[in-house]
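Based on these hints, arrange chain L on the given structure of chain S.
The chain contents come next:
Number of protein chains: 2
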Amino acid sequence: MKNILDRNQDKADEVRKLLREKNVVMVNLISSPGAGKTTLLERICENLGNKMKIGIIEGDITTDRDGQRLKKYNIPIVVINTEGGCHLDSHSISKVLDLFDLNALDVLFVENVGNLICPAHFDLGESFKVAMVSTAEGDDKPEKYPMLFREAKAVLLNKTDLIPYTNFNLSNFKKDLIKINAQIPLFEISCTSGDGLREWFEWLSEQLDIFIKI
Amino acid sequence: MKNILDRNQDKADEVRKLLREKNVVMVNLISSPGAGKTTLLERICENLGNKMKIGIIEGDITTDRDGQRLKKYNIPIVVINTEGGCHLDSHSISKVLDLFDLNALDVLFVENVGNLICPAHFDLGESFKVAMVSTAEGDDKPEKYPMLFREAKAVLLNKTDLIPYTNFNLSNFKKDLIKINAQIPLFEISCTSGDGLREWFEWLSEQLDIFIKI
Chain S
3 MKNILDRNQD KADEVRKLLR EKNVVMVNLI SSPGAGKTTL LERICENLGN
53 KMKIGIIEGD ITTDRDGQRL KKYNIPIVVI NTEGGCHLDS HSISKVLDLF
103 DLNALDVLFV ENVGNLICPA HFDLGESFKV AMVSTAEGDD KPEKYPMLFR
153 EAKAVLLNKT DLIPYTNFNL SNFKKDLIKI NAQIPLFEIS CTSGDGLREW
203 FEWLSEQLDI FIKI
Chain L
3 MKNILDRNQD KADEVRKLLR EKNVVMVNLI SSPGAGKTTL LERICENLGN
53 KMKIGIIEGD ITTDRDGQRL KKYNIPIVVI NTEGGCHLDS HSISKVLDLF
103 DLNALDVLFV ENVGNLICPA HFDLGESFKV AMVSTAEGDD KPEKYPMLFR
153 EAKAVLLNKT DLIPYTNFNL SNFKKDLIKI NAQIPLFEIS CTSGDGLREW
203 FEWLSEQLDI FIKI
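Chains S and L are the protein sequences, given in the same order.
Residue numbers for the first sequence follow my numbering, beginning at 3 and rising by one.
Residue numbers for the second sequence follow my numbering, beginning at 3 and rising by one.
Hints should not be assumed to be uniformly reliable.
Because identical chains cannot be distinguished in the list, a pair is counted as satisfied if it fits within a single copy or across any two copies.
Cut-off 30 Å, straight-line C-alpha distance, at most; resulting in silico cross-link-like pairs (DSSO-like, lysine-lysine) [claimed, not checked]:
(1) K53 - K177
(2) K181 - K97
(3) K4 - K97
(4) K155 - K24
(5) K24 - K55
(6) K74 - K181
(7) K176 - K73
(8) K74 - K177
(9) K13 - K176
Simulated from the structure, these hints should not be mistaken for laboratory data.
Looking at chain S on its own, in the form it has when it is part of the complex (with noise of 0.2 Å):
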């Protein structure tokens, strides 16, 4: 395990490398199966297409569904299927960056497959992790998971909307949240409603203009 670690993160630090020299900023986002990840990507794409030139890597391991609801944006998009792998790598990230003219790109997407667990293990060379995490999922998801909530840059709650139909209870969720991660910014949202989205994408762009001066 320590082996396969060690070469995911020698490759994660070379596709680090050629992304900086390309400016080009990687955002890796890790959640459950059906958190809202590719209708946040489909928010993403209709509120920021015109401000910034996306690129997206679609992690599924089997299917290119997520992939295929992306289409109608017109932004390139590779899928990378695992065949059954829990997780993406760096290895697979590398061998499809060819695939895109990153001359001509922005930010990257990549949506990772949905599972709390091993994507945190696994730096892909991004710039930085975002999780996500629904409300209809429960409030115990940070102490439950805590490597991901540790690792990641922001949190984004989604389906703020379901709350009153739900026990989720707001302020154990911070509590916990902030055991693990003091400092981490938490966005509530819903990609249905639309609620919060703005201050969510404020923070992304500013991401982005920091990310790009380093």
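Below, chain L without anything else, positioned relative to chain S:
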């Protein structure tokens, strides 16, 4: 990987043999994080606790929160922390079986780690697997995670009370599920409202009879 799976299979066969001898049915419950596995076990303890002798193995990455929730039912529970591992395996199950009085059990529920992928690959020596999915996760899960839906003996579609507030399409879900596994029984349930639980409990009781008579 093949080596790991082969060794897992050998130990799973041993576990299965032991449980047969003891007339204990083991149910391996698999879902995404937050689909409702622990709440289902609460409903099972409340409704079936006086009809069958229940034991529970709680698989979790790092905490014993789910185990704590179930303590009130006064049934034997053992928590396995995988220390970051994304699934249980037959070796960890075999080790904790000694902690149960198997002669005093009818059924042993295993709450696997929240993950739709790797748990489907690892036989624990269970009598059968049950796949659980929440309506809030979307209707595309059978096609996206086919192995689990192929392996399972039943599917529980939980959180049907949330359908009116989501874009979940029941007929698409069923259509995809039938393509993967035409014969599999589907139970539409809500562990919070109680809808559909009676049918699932009846099916479960029948399975216990069938497995013990074999």
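Unsatisfied constraints (hint numbers, rising): 1, 2 and 9
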